[in-house]
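Participant: So the chains spell out like this:
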Amino acid sequence: AQKVTQAQTEISVVEKEDVTLDCVYETRDTTYYLFWYKQPPSGELVFLIRRNSFDEQNEISGRYSWNFQKSTSSFNFTITASQVVDSAVYFCALSEGGGTSYGKLTFGQGTILTVHP
Amino acid sequence: EAQVTQNPRYLITVTGKKLTVTCSQNMNHEYMSWYRQDPGLGLRQIYYSMNVEVTDKGDVPEGYKVSRKEKRNFPLILESPSPNQTSLYFCASSLRGGLIYNEQFFGPGTRLTVL
Numbered sequence: 001a002q003k004v005t006q007a008q009t010e011i012s013v014v015e016k017e018d019v020t021l022d023c024v025y026e027t028r029d030t031t032y033y034l035f036w037y038k039q040p041p042s043g044e045l046v047f048l049i050r051r052n053s054f055d056e057q058n059e060i061s062g063r064y065s066w067n068f069q070k071s072t073s074s075f076n077f078t079i080t081a082s083q084v085v086d087s088a089v090y091f092c093a094l095s096e097g098g099g100t101s102y103g104k105l106t107f108g109q110g111t112i113l114t115v116h117p
Numbered sequence: 118e119a120q121v122t123q124n125p126r127y128l129i130t131v132t133g134k135k136l137t138v139t140c141s142q143n144m145n146h147e148y149m150s151w152y153r154q155d156p157g158l159g160l161r162q163i164y165y166s167m168n169v170e171v172t173d174k175g176d177v178p179e180g181y182k183v184s185r186k187e188k189r190n191f192p193l194i195l196e197s198p199s200p201n202q203t204s205l206y207f208c209a210s211s212l213r214g215g216l217i218y219n220e221q222f223f224g225p226g227t228r229l230t231v232l
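Residue numbers (this note's numbering), protein chains in the order written: chain L, 1 to 117; chain E, 118 to 232.
In case anyone wonders, no lab produced these hints; they're calculated from the structure. Check the hints yourself; a few may be wrong.
[As the list claims (entries may be wrong)] Far from chain L, some chain E residues (derived; all Cβ distances over 10 Å): (1) K135; (2) K186; (3) I194; (4) E196; (5) P200; (6) Q202.
[To be verified] Quick list of the computed label-pair ranges, beta carbon to beta carbon: (7) E/I129 - L/D29: 17 to 25 Å; (8) L/E10 - E/P225: 52 to 60 Å; (9) E/P225 - L/V14: 26 to 34 Å; (10) L/Y64 - E/N201: 41 to 49 Å; (11) L/V14 - E/G133: 45 to 53 Å; (12) L/D29 - E/V171: 40 to 48 Å; (13) L/G62 - E/V169: 36 to 44 Å; (14) E/G157 - L/P40: 32 to 40 Å; (15) L/S61 - E/G157: 27 to 35 Å; (16) E/T130 - L/V85: 32 to 40 Å; (17) L/S61 - E/T132: 31 to 39 Å; (18) L/G62 - E/T132: 44 to 52 Å.
[Said to hold, decoys possible] With a straight-line cut-off of 30 Å between C-alpha atoms, the simulated DSSO-like cross-links for lysine-lysine are: (19) E/K182 - L/K38; (20) L/K38 - E/K188; (21) L/K3 - E/K174; (22) L/K38 - E/K174; (23) E/K182 - L/K3.
Quick reminder that beta carbons are idealized off the backbone N, C-alpha and C, glycines included.
Construct all of the structure, not just a fragment, from the sequences and the given hints.
Facilitator: The structure is reproduced here in structure tokens:
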């Protein structure tokens with residue numbers, strides 16, 4: 001069975017600090033996708049990134065970067081020079097390929113990030 | 118505009134009063150699903166549908182029903198709501214299920230309170 005763990009329930013930082021959100025996953029599949037979503041106070045889910053299990057290259061998008069390590073089953077997310085607008089709940093999610101999962105996303109518990117001015 | 122819509126966005130009701138949350142997508146997607154979001158638990162899948170007239174239970178189906186009579190609509194039915202169904206509900210759709218790449222499009226969410 002697939003499982004995603006975000007051990008950090010809440011993180012509080014001051015603006016311009018760097019912050020890393022941890023994500024550890026479990027799956028028996030060799031083919032899977034990992035995702036990060038942002039949920040701002042308004043409540044909608046905002047897609048941030050998708051990474052497949054065969055691509056371990058780190059990715060950078062502006063102030064956001066992701067570090068995927070299959071050896072430790074981790075897919076961590078770093079925000080550089082955080083801003084108040086980054087305050088949100090962040091979810092890591094896993095989707096296994098085919099089988100009985102039928103496209104289901106398994107989410108972690110979420111990490112509440114608060115960035116103080 | 119490609120989107121998933123949910124109605125209502127906010128609902129306060131009382132225990133036992135049947136309600137339906139509608140979900141509609143305009144992308145001709147085959148796969149649709151419902152999730153509920155609770156603090157400390159993330160989002161959990163309630164039901165999903167691979168296509169018209171094909172539905173199946175997710176991880177937390179108790180107390181819910183769904184139907185898929187048309188491709189675009191996937192309503193969530195609470196026959197006798199209880200306070201433990203107070204939650205934030207999301208509908209999602211994707212082109213089809215069972216494939217490796219599943220880009221899920223999420224609706225805006227429905228915040229339900231059962232008193």
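Participant: Take the hints in turn and mark each one as holding or not.
Facilitator: Hints versus structure:
no.	hint	verdict
1	K135	25 Å, holds
2	K186	20 Å, holds
3	I194	20 Å, holds
4	E196	24 Å, holds
5	P200	21 Å, holds
6	Q202	18 Å, holds
7	E/I129 - L/D29: 17 to 25 Å	41 Å, violated
8	L/E10 - E/P225: 52 to 60 Å	25 Å, violated
9	E/P225 - L/V14: 26 to 34 Å	31 Å, holds
10	L/Y64 - E/N201: 41 to 49 Å	36 Å, violated
11	L/V14 - E/G133: 45 to 53 Å	48 Å, holds
12	L/D29 - E/V171: 40 to 48 Å	23 Å, violated
13	L/G62 - E/V169: 36 to 44 Å	41 Å, holds
14	E/G157 - L/P40: 32 to 40 Å	19 Å, violated
15	L/S61 - E/G157: 27 to 35 Å	28 Å, holds
16	E/T130 - L/V85: 32 to 40 Å	34 Å, holds
17	L/S61 - E/T132: 31 to 39 Å	46 Å, violated
18	L/G62 - E/T132: 44 to 52 Å	47 Å, holds
19	E/K182 - L/K38	28 Å, holds
20	L/K38 - E/K188	28 Å, holds
21	L/K3 - E/K174	18 Å, holds
22	L/K38 - E/K174	26 Å, holds
23	E/K182 - L/K3	25 Å, holds
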